[in-house]
Amino acid sequence: MEGLLPDLEVVRKDFPILGRTTADGLPLVYLDSANTSQKPQVVIDAMVDHLERHNANVARAMHLLGAEATEAFEGGRDKVAAFIGAPERDEVIFTKNASEALNLVAQTLGLEGAHRVGPGDVVVTTEMEHHSNIVPWQMLTQRTGAELRWFTFDEAGQLDLSQVDELITERTKVVTFTWVSNMLGTVNPVAELTRRAHEVGAIVVVDASQAAPQLPIDLAAMPVEERPDVVVFTGHKVVGPTGIGVLWGRRSLLEELPPFLGGGEMIETVTMERSTYAGLPHKFEAGTPPIVEAVGLGAAVDYLAGLGMEAVHAHEQAITAYALEGLGTVPGLRVLGPLDATQRGGAISFELAGVHPHDVAQVLDVRGIAVRAGHHCARPAHAKFGVQSSTRMSSYVYTTPGEIDALVEALHYTRDYFKVG
Amino acid sequence: MEGLLPDLEVVRKDFPILGRTTADGLPLVYLDSANTSQKPQVVIDAMVDHLERHNANVARAMHLLGAEATEAFEGGRDKVAAFIGAPERDEVIFTKNASEALNLVAQTLGLEGAHRVGPGDVVVTTEMEHHSNIVPWQMLTQRTGAELRWFTFDEAGQLDLSQVDELITERTKVVTFTWVSNMLGTVNPVAELTRRAHEVGAIVVVDASQAAPQLPIDLAAMPVEERPDVVVFTGHKVVGPTGIGVLWGRRSLLEELPPFLGGGEMIETVTMERSTYAGLPHKFEAGTPPIVEAVGLGAAVDYLAGLGMEAVHAHEQAITAYALEGLGTVPGLRVLGPLDATQRGGAISFELAGVHPHDVAQVLDVRGIAVRAGHHCARPAHAKFGVQSSTRMSSYVYTTPGEIDALVEALHYTRDYFKVG
Amino acid sequence: MSAELDALYQEIILDHYKNPHHKGLRGDPSADGTVEVHHVNPTCGDEVTLRVHLEEADGVLRVQDVSYDAVGCSISQASTSVMTDLVIGKPVEEAMGVHEVFLTLMQGKGSVEPDEEVLEDGIAFAGVAKFPARVKCALLGWMAWKDATSQSMTTTAQGGDDD
Amino acid sequence: MSAELDALYQEIILDHYKNPHHKGLRGDPSADGTVEVHHVNPTCGDEVTLRVHLEEADGVLRVQDVSYDAVGCSISQASTSVMTDLVIGKPVEEAMGVHEVFLTLMQGKGSVEPDEEVLEDGIAFAGVAKFPARVKCALLGWMAWKDATSQSMTTTAQGGDDD
Ligand SMILES: Cc1ncc(COP(=O)(O)O)c(C=O)c1O
Ligand SMILES: Cc1ncc(COP(=O)(O)O)c(C=O)c1O
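Sequence order for the protein chains is Z, B, Y and X. FYI, the numbering for the first sequence is 1 to 421, going by my numbering. FYI, the numbering for the second sequence is 1001 to 1421, going by my numbering. FYI, the numbering for the third sequence is 2001 to 2163, going by my numbering. FYI, the numbering for the fourth sequence is 3001 to 3163, going by my numbering.
Simulated from the structure, these hints should not be mistaken for laboratory data. Just so it is clear, the structure is predicted and the values come from calculations on it, not from any experiment. Virtual Cβ for every residue (Gly too), placed ideally from N, Cα, C. Among the clues, some could well be false.
[Unchecked claim] Restraint-style ranges between C-beta atoms, simulated for each label pair:
no., chain 1, residue 1, chain 2, residue 2, range
1, Z, E325, Y, G2024, 37 to 43 angstroms
2, Y, P2091, Z, E325, 55 to 61 angstroms
3, X, D3147, B, T1329, 40 to 46 angstroms
4, B, P1189, Y, E2100, 43 to 49 angstroms
5, Z, E256, B, Q1142, 17 to 23 angstroms
6, X, A3031, B, Q1142, 52 to 58 angstroms
[To be verified] Derived DSSO-like pairs (lysine-lysine); straight-line CA-CA distance at most 30 angstroms:
no., chain 1, residue 1, chain 2, residue 2
7, Z, K419, Y, K2130
8, Z, K419, Y, K2023
9, Y, K2136, Y, K2023
10, B, K1419, X, K3090
11, B, K1079, B, K1013
12, X, K3018, B, K1384
13, B, K1419, X, K3109
14, Y, K2023, Z, K384
15, B, K1079, Y, K2130
16, Y, K2109, Y, K2090
17, Z, K419, Y, K2018
18, Y, K2109, Z, K419
19, X, K3023, X, K3090
20, B, K1079, Y, K2023
21, Y, K2136, Z, K419
So here's chain Z without its partners, still in its complex pose:
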């Protein structure tokens, strides 16, 4: 099959968990990578080495281990900055996950600064967002008296761009959207939406939680008018650990925003009466940062860079095309989202007529196939299709065509088991 990672079997050996079997001795078919990715040995080893040999607190420790830990931690930042082509490495802020990164921006925009959101202002999001890119903006607009508006999408899972003129106006202060949908797989037009938003002076916040694992990203190479002001993603979906997220932000914007959490590390000086704050990136990193997690994330993005993000993307597209084809052979199966693999990401949500997604997932699980059933933290997008939940398969660098075959066969079996058709 064209496009697959050339050394797929070697890649699979890098991921120890893929050697696991179920209680019945069945091989594990992990098709839930949009939920969280598996971890290669190098990431685990980097974390172990750090904990066993270099562990100390960072920045404030000036001894041998402290210097080593600081170098390892800041080295993680350098690697992440390189991975997304950040114009400046100090623009990379470590948060606990993508959700915190989005809240950081939404909450501080409500407090002060030139982009402060207030009564009458408009924040624009989309109907296909993950809850983590809806709820923070609901909170912001509710607290400030601003208005939350959103792009809808069509049956094919594409944003209705005819709403641009109506939604992105002089009143619009923020435009936020997901680069790649975690439910539909849709890839949104970042450059176009960003340009339009910038024309009215709005800031653009892009949720790259599903894009960073799959697409090559080079922020520095983007024309500045098409470059979002903020891009966030989460460590555990790019073969890194939990407990760490990434917020990249344009320096001038980050400098203008007030601090989010207060405490150690983010200060310049403290008196009981008042405090002054540190510069980037520390201003937004209160308390002990995710040190071993940054080490792991650094190893993770290096691993992906080693595979080559172009190759990773090609692999995702090949597997996705193959999966769409296979799913098409299952009677009563409806894919929710774009059907052209070249226009979408690797998460495929679907309905199977007559069988509830939980029951689909259950039958698959008994056969060792891990998919997700539920709303995938995208209830509004499900509501759009008139369903409450769906089944989702999502592949990654370790997924083989054989695993897709196993999925498709299991779906046929599921229909038999529940006697539909």
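Starting from the structure of chain Z, add chains B, Y and X with the ligands where the hints point.
Same frame as chain Z, but now just chains B, Y and X with the ligands:
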């Protein structure tokens, strides 16, 4: 020496990093545990096992790995709840560190609820707090028009409790203080302060970042009028990993507070217009939680419980007494804080006349001895002593009397090297 | 493999799923002794809107009716259907007892022997207890019923202060 | 061990530490061409308040005076003292060049050969470059000087629009 952990040499073997040497082949003497603790092999192994065999996202995944990961993650919560004797396991919220936990409380208290802090209200803290328990309250009081007041402390490092009547009044909404000071080592009277605060209806937030590693804590056993409403600590100081902190809060208070971060996991239902929120603990855990970190933290508190927190406390006291004695032999050395080991925690900050703390730490580091120099995130407490910084040694379960001897000898050497005295 | 599935998806469960009992909201939601609640399983989004009508006669408070609308998987739908069979017409105290027995079965991780006398069709859920992720599904309707019933009891108790 | 320390704590450094040059704030902080800044090393709390006075003569902008108050370790104190020796009296452009050379030395991780012609006593800091945690100490005073000087140049340039 009495009070030492009986199997100290065995305990030391549990910590792989203690086998490290400096570039010159000197053994590592790690006396910076108040900054961050080292990790025993069981913690590292638990994390590795999770990543290599059970990794998946939690709560929302219903497949084999998802069920295993959820059980492991929630098992971490059970262990933490047991460690502090939490009245209810769902009152244990995982944050990214202690700083986030303190900000969570400070920020949500400014938004709504019966304890909402507003203009004219008073928030009381102390002059010996870590920056992470000062700055969030400065932000809260600045944003809400409330007043921040504080207990001062005396030359011996004890809070001036004669200020109680003046500070804790009907206007007081929050009283917050550290259980054990990370700079002075002072152990504050939690029961007494809490009782006084509760008499005026104030809520009590205790920073147990230094207490949890050293003292047995049994919240359920405390009389309810003396039990704080919120207790926070941080994973990396209790031999657990970075990237995780703990907020324990009384259920009725946590239910009253509005959510802090919005996003996946913390919702009940979401529509584009509005959302409703999940119950405890998920309400305060937006996004993918620190999964592998909770596994590590669970193993960490189990490890400490295995040693026995009474035994850990006795060990700290024995080492601290021995260290205070040894430091007393160094001319020109002044300890900043209580001098009676039975009345204090295991962090000892000191000045060495004529040598700046950085230079002390540097000389020690060359001899393989890791201490901290600086303000230890407690500038106001340093200002109180008229100094900008100090040197701090802090011991833990793996510290031996021999290591204290090495420190004391190195301090004598430091004085010689800088030709003071 | 199929045996494992069959342990979960007992015929009884699939029957209730295909033909749920007492489904569809009935009665006047604002009537005395009637309470309606809406419960959600946040993990998967399964939802139930459930209406309970309690009535007192001869000093005994009874579950006069339970009706509901729900979307969800076979387990949650069947469990809600079985629940209505078990509680409708029973004195509240007895129904609460049945709820306790079902809860114990579900939380037993497969080690509790189901009591057919008490649980009737509910014994079909014994296999669910071995699937931790599905226990929440099986409890959704029960939890909603308990919540609505407790609320109704509070209001009924207040209304009936004079007896 | 002691050799390693001696590489860091050169005699010159300890001398400047014990007897710092140009210490103590001087001059009128509100005078034309004078700027005062306050810099902190947040890691350790070292602080410096530094005043720079620039003056133009014969079309050349010169560092007329630098004075300061500071608390900090031997490295930061000595480095600030050496810095004042190196920049006072020099044309701003030349002084900025010296700053560049010192910065390169500090960031070289020990691989840069110090140029005594340019750095004079500053070459004593070559050993500091091998101690990453101390580089910030050595740069504190220099950074403050550069900041104050740049600020003064902006105001001077505005004031001197007419030439
Ligand atoms: C007393 C005290 N409070 C709070 C903190 C903050 O902990 P963290 O940096 O993990 O948020 C610390 C440690 O740095 C501490 O010692
Ligand atoms: C598109 C999208 N945004 C945001 C998130 C939230 O990431 P996290 O849960 O790590 O905060 C996710 C993943 O769950 C996602 O898929």
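Task: Index of numbered hints that the structure contradicts, given in increasing order - done: 6, 10, 20
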